[in-house]
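Read top to bottom, the protein sequences are chains A and B.
For the first sequence, the working numbering begins at 1 and goes up steadily by one.
For the second sequence, the working numbering begins at 1001 and goes up steadily by one.
Please keep in mind that the hints were generated in silico from the structure rather than gathered at the bench.
One should not assume that every hint holds.
Reference listing, derived: stretches of chain A covered by chain B, where coverage requires no fewer than 3 residues with Cβ under 8 Å from a Cβ of chain B [claimed, not checked]:
hint, region
1, 100-114
2, 207-218
Here are some of the chain B residues that sit facing chain A, going by a computed Cβ distance under 8 Å [to be verified]:
hint, residue
3, L1079
4, N1094
5, V1096
6, M1099
7, R1103
8, L1107
9, E1110
10, P1111
11, V1117
12, P1373
13, A1376
14, V1380
For every residue, glycine included, the Cβ atom is placed at its ideal position computed from N, Cα and C.
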Amino acid sequence: MISVASSRREQASRVLQQHGALMVLALLVIVGSLAFDSFATAGNAASVVVSSSFLAIIAIGMTFVIISGGIDLSVGSLFVLGGVLAAYGSQYGLLMALALPLGACGVVGLLQGLVIARTGMAPFIVTLAGLLGVRGLMLAISQEGATTYLVKNPAFASLGQGELLGLTYPVYITAALALVAMVLLQRTGFGQNVYAIGGNEQAAALMGVPVARTKVTVYVMSALLAGLAGALNAARLSSGVTILGIGLELDAIAAVVIGGTLLTGGAGGITGTVAGVLLLGVIQSLINQVGNLTSAFQQVVSGAFLALVVVAQRLLSKAQRLS
Amino acid sequence: MRRTDLEAVLEAKGISKRFPGVLALDGVHLALLPGEVHALVGENGAGKSTLIKVFTGVYHPDGGELRHLGAPAAFGTPLDAQRAGISTIYQEVNLVPMMSVARNLLLGREPRGRFGVIDATRMYAEAARILSGYGVETDVRRPLRTLGIGAQQMVALARAVAVDARVVIMDEPTSSLEPREVETLFGVIRRLRDEGIAVMYVSHRLDELYQVCDRVTVLRDGRVAHTGPLAGLDRLKLISLMLGRDLNEVKAGGLTRFSRDRHRAADGQPPAVEARGLTRRHVLDGIDVSVRPGEVVGLGGLLGAGRTETAKAIVGAMPLDGGQVLVAGLPLRGGSTTAAIRAGISLLPEDRKAEGIVPTLSVRENIALAALPSLARAGVVSDAKIDRMVEIFMRRLRIKAASPNQLVSELSGGNQQKVLLARWLAVRPKVLLLDEPTRGIDVGAKAEVQALIDELAAEGLGVLLISSDLEELVEGADRILVLREGAVVGELTGDQVTEERIMATIAEQSDDMVTIAERSDD
Chain A
1 MISVASSRRE QASRVLQQHG ALMVLALLVI VGSLAFDSFA TAGNAASVVV SSSFLAIIAI
61 GMTFVIISGG IDLSVGSLFV LGGVLAAYGS QYGLLMALAL PLGACGVVGL LQGLVIARTG
121 MAPFIVTLAG LLGVRGLMLA ISQEGATTYL VKNPAFASLG QGELLGLTYP VYITAALALV
181 AMVLLQRTGF GQNVYAIGGN EQAAALMGVP VARTKVTVYV MSALLAGLAG ALNAARLSSG
241 VTILGIGLEL DAIAAVVIGG TLLTGGAGGI TGTVAGVLLL GVIQSLINQV GNLTSAFQQV
301 VSGAFLALVV VAQRLLSKAQ RLS
Chain B
1001 MRRTDLEAVL EAKGISKRFP GVLALDGVHL ALLPGEVHAL VGENGAGKST LIKVFTGVYH
1061 PDGGELRHLG APAAFGTPLD AQRAGISTIY QEVNLVPMMS VARNLLLGRE PRGRFGVIDA
1121 TRMYAEAARI LSGYGVETDV RRPLRTLGIG AQQMVALARA VAVDARVVIM DEPTSSLEPR
1181 EVETLFGVIR RLRDEGIAVM YVSHRLDELY QVCDRVTVLR DGRVAHTGPL AGLDRLKLIS
1241 LMLGRDLNEV KAGGLTRFSR DRHRAADGQP PAVEARGLTR RHVLDGIDVS VRPGEVVGLG
1301 GLLGAGRTET AKAIVGAMPL DGGQVLVAGL PLRGGSTTAA IRAGISLLPE DRKAEGIVPT
1361 LSVRENIALA ALPSLARAGV VSDAKIDRMV EIFMRRLRIK AASPNQLVSE LSGGNQQKVL
1421 LARWLAVRPK VLLLDEPTRG IDVGAKAEVQ ALIDELAAEG LGVLLISSDL EELVEGADRI
1481 LVLREGAVVG ELTGDQVTEE RIMATIAEQS DDMVTIAERS DD
């Protein structure tokens, strides 16, 4: 008989790997509530959640890509393209305001996915090309960014601005997407294939996983979600602002990694990503509370925190291997 | 049982496969019958791997015909072969290390609940049920990588069989298993045979072939040298078929190529290296080892007894909680491989691919790697010097390569091992630690490496030999230390150096034995 029991230490490090972000988030919220009177208010909580929801939508797509062993640098540009196209499309009604950005972004995702899956080119390079090309495309349709289309359709605008129980609609949309993504990742064959490819692509192929199809799917999903986030943001701002989304892909990657997903692929999850996004939001909020610090400090703290997480992950996976 | 009246499940009819400059397979005939365990043997480079890859759709034959269930078949990809019921267990486990055991086992066939969503509870239960049939009792929710290699191998096997396999091809399945696990594996193989599945078993370990195989096909230089029942085929005859050498020649040389004489280490000489009380929590528990010049000291024991760890501790590749290594009576700085190499201690690591060769470099560069610092003058190394040194070692160790500039990854396993040996000999060590020096290399190369160990010891090199092959240990070593659970539990010298004594020492006082003894006292 070959019997192997999990050691307690190994289990602990696994839990920490998966839920570390959530624990730190809880800790920060507690500390913040004790330190600042204005932190633990319904208003502040709502503002953190609302402002985090757009990044969360993008990060959900990024989670799939990173678990599959890839990376998607084009999401920041797709976000701004989605916003501009949604604002432009809104003059033809609600349907066009959604169909236009999703259609365009979906095509970009499909192209990127096909190139990555079929030619075996590095996702980093392919989506870097996407980042540059898509932003160029956005500038082209907005006359070098000079034209800002305004959202003229009230139904579409309410999608971004409408409120329920003190939270705007995008928050609920994000929550619904996160739930669906969780089920998709944990409880479907597609989700299993994503993990398998990221864990060991060659083995996955030998085990009969449709590697190419799965890869194309994750890049299409990521692009669609980025486009959707852009569209919702345009609805919120009532216009297709052309200067948004620069560096957003890096925020999304940071949130995913802080959430415990391994940058090398094969492990991670949606709960962690959501916690990672909220953590970034809470850090920003706390720094605002301190008052005399500029928002530049938020980036310093977020960066330091990211470095800390990566080191911790390294130590944790070492601990798991040793025991 | 042999059932020649049955139709072959998978058959190679005159298969040929050509690579640039080599005819890897030359008109190979081989029929796999349902309910047989068919051994495929041959030296490295005889064409075994190529044949397996033709059977599994990785390579496409240039000539001849592949027949599946009596009809001509062409597998475009490994997936096609799998769909046709041909499963392969590779030497290295081909699963996803970070996914859970259950998900690896059932990937693509997970039990579904409502809305077509995976039913996790049922999945875990089913995985546990399947694995218990293979003697693996573990929490199936753990990541696969936390299991031992043996258990991982079993998961791979369970997965392969569960995919409605009619043919299971196993390529060196036992190379990383413990004896206990090998027994479990054999139990499973026999069960598969009784269920009418054809098993092709590829291994260098002859003992195992005789235990579990019904028929054997011997490949030599891409051709079938022999096919027939294994029972009644003499062991020496089998080796002579593989080597293409005369039977009497093999008999005279014995199965290993070690000389029958023990080396004469001068008893009065101080040890070349002496380790005292090597300790690391949960791994090593106060190990004392010393090797004198010209002496071959064997380390025996089961996998995980601390043999590899002892060697790593001596060269400073593993942090220690206690103990020290003395060279010529002076303590060595701990935790520094540089210090160890300077003091004349070299380790030939167990995992050739991961810890040894640099596949993207040439034979020449691989050999010169460790010696570069000693060849350099003011940081600059003379090319001519390296060429001379490389030439000497390639000739001395009979390394078969097209040229010193050939990529080392293109050589056979045996020749790669010789390149590594050359690398460490090039730094002129006083003591050589050899961790499984002949694992996974073919019979011919194995004999050459063994002969070389003998020669080196005769020239005054101290050797610490780690091997799971008891025969190799007994014939190669002058003195054997038996390890168990990180401690030395016995030292065998002179006439005590026998396989039986090693096994008895390993078994002695182990927990099971104590329990049995206590029971009989009651």
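Hints, one by one, checked against the model:
no., hint, in the structure
1, 100-114, "violated (count 0)"
2, 207-218, "holds (count 3)"
3, L1079, "holds (6 Å)"
4, N1094, "holds (4 Å)"
5, V1096, "holds (4 Å)"
6, M1099, "holds (5 Å)"
7, R1103, "holds (6 Å)"
8, L1107, "holds (6 Å)"
9, E1110, "holds (7 Å)"
10, P1111, "violated (11 Å)"
11, V1117, "holds (4 Å)"
12, P1373, "violated (30 Å)"
13, A1376, "violated (34 Å)"
14, V1380, "violated (37 Å)"
Hints 1, 10, 12, 13, 14, counting from the list given before, are not met by this structure.
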